[in-house]
Amino acid sequence: MRGLKISAAGRTRGDIPLIVCVSLMACFGCLMIYSASSYVGEVQYGDSLYFVKKQLLGVVAGGAAMAFFCFFPYYKLYKFRYAAVVIAAVLLALVFVPGIGVTNYGATRWIGFGSFTIQPSEIAKYAYALFTAAYFAKNYRKVKTVRGVLPVLGVGALFCVLVILEPNMSITMCLGLLMLALVFLSGTNLKTFAFVLIPCALAVPVLIIAEPYRLERLSAFLDPWSSPLDEGYQLIQSFYALGNGGLFGVGLFNSTQKYRFLPFAESDFILSVMGEELGFFGITVFFCACAFIIWRGLRIAKRCSEPFGYLLAAGFTLVYGIQVVINALVVSGTIPPTGLPLPLISSGNTSLIITMASMGVLFNISRSCGEDKGASRLLFGKKQPVNN
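Residue numbers (numbering that gives the first Met the number 0): 0 to 387.
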């Protein structure tokens with residue numbers, strides 16, 4: 000990558016409020032994981048702090064990764080665009096290798112090496128955002144043609160196929176929405192965007208029909224009380240938790256649904272426990288914090304003076320935002336149930352570490368671009384359009 004240099008005048012202190020909010024959210028996640036998992040940890044593992052200890056390791060590792068990327072020049076990530084795609088694709092493929100892939104509850108979504116496990120789909124989302132930002136930044140003249148966006152669609156389709164085979168419908172949806180958003184933000188025209196949008200929209204019902212269990216989940220979503228002990232059970236328990244919380248909640252650590260009534264209370268459905276313990280007002284404050292992170296990320300993207308930083312900041316922010324919205328819609332019964340962690344909050348170190356690392360990248364972009372619109376107008380040795 001040639002020609003991209005950030006002048007000293009263009010540097011700022013960076014978006015410190017973003018980093019503070021992310022750090023507080025990660026700590027808050029540990030608190031909620033303890034509340035949601037203490038009983039299960041004691042009964043199943045003989046240690047009420049079992050899940051919290053694992054999460055604290057993730058917070059430490061995530062904090063270190065975030066600190067590193069806060070000061071690692073973001074434009075150097077461009078060099079790793081192809082490596083990121085290859086690594087993500089290999090990790091997704093390793094999920095299907097016997098002895099390496101780890102299966103839980105009928106889905107093979109992890110790879111394991113002893114007690115160490117990784118969820119490759121969490122890495123794939125950010126690898127795709129990096130590749131797409133780099134491709135559109137270099138090929139900005141091609142974004143208005145169907146042929147010009149084909150490499151982005153090809154990588155997105157590859158990742159979606161590998162993820163849906165796990166199966167993991169929720170991450171597939173995240174990748175699809177991310178692809179649509181980045182193509183739109185690249186400055187393409189309506190014709191090209193429609194070429195991308197229509198196949199994605201048609202793929203959703205096809206994927207649902209292709210697997211019987213997805214049809215069962217859709218039926219349970221439409222009427223969960225038709226199968227209260229089967230497919231509708233989890234959603235009904237989530238409703239009970241949210242309803243029991245009322246306006247102000249039953250109090251921290253006082254949830255009843257966490258006593259093995261609500262499956263995955265410490266991970267995919269931790270928001271239900273939060274709603275029960277903190278109530279409507281507590282959840283509102285939490286969503287305000289999520290909105291703050293999204294706003295700061297999009298603000299960084301808007302203020303960035305060159306295409307790669309703009310699209311990278313937008314992409315990383317959208318990964319976080321899309322996942323928060325989908326998790327909230329699932330927990331509230333607005334869309335059919337699907338397994339998806341709540342970023343920075345749910346138990347799971349892969350998601351936590353890579354999300355915190357991505358926030359470090361956002362900070363570095365804010366530090367490098369700041370409010371100086373003329374900080375960088377050269378990329379790849381050619382004049383580039385500046386984001387205004």
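No wet-lab data here; the hints were simulated from the structure. There could be a bad hint or two in this list.
What the hints assert, rightly or not - Calculated pairs, SDA-like style, for lysine to any residue (alpha carbon to alpha carbon, straight line, at most 20 Å):
#	residue 1	residue 2
1	Lys52	Phe263
2	Lys75	Tyr139
3	Lys52	Phe27
4	Lys143	Ala193
5	Lys137	Ile122
6	Lys301	Lys190
7	Lys143	Leu184
8	Lys52	Phe71
9	Lys190	Leu149
10	Lys137	Asn103
11	Lys53	Val89
12	Lys141	Leu201
13	Lys143	Ala202
14	Lys52	Val42
15	Lys190	Ala202
16	Lys190	Leu206
17	Lys75	Gly13
18	Lys52	Tyr81
19	Lys301	Pro150
20	Lys52	Lys75
21	Lys143	Gly153
22	Lys75	Ile122
23	Lys52	Cys29
24	Lys190	Val205
25	Lys137	Phe192
26	Lys190	Arg140
27	Lys53	Leu184
28	Lys52	Phe238
29	Lys141	Lys52
30	Lys53	Gln43
31	Lys52	Phe70
32	Lys53	Ala88
Requested in this report: Find the hints from earlier in the document that the structure breaks and name them by number, from lowest to highest.
Outcome: 5, 6, 8, 10, 11, 12, 13, 16, 18, 19, 20, 24, 27, 28, 29, 31, 32
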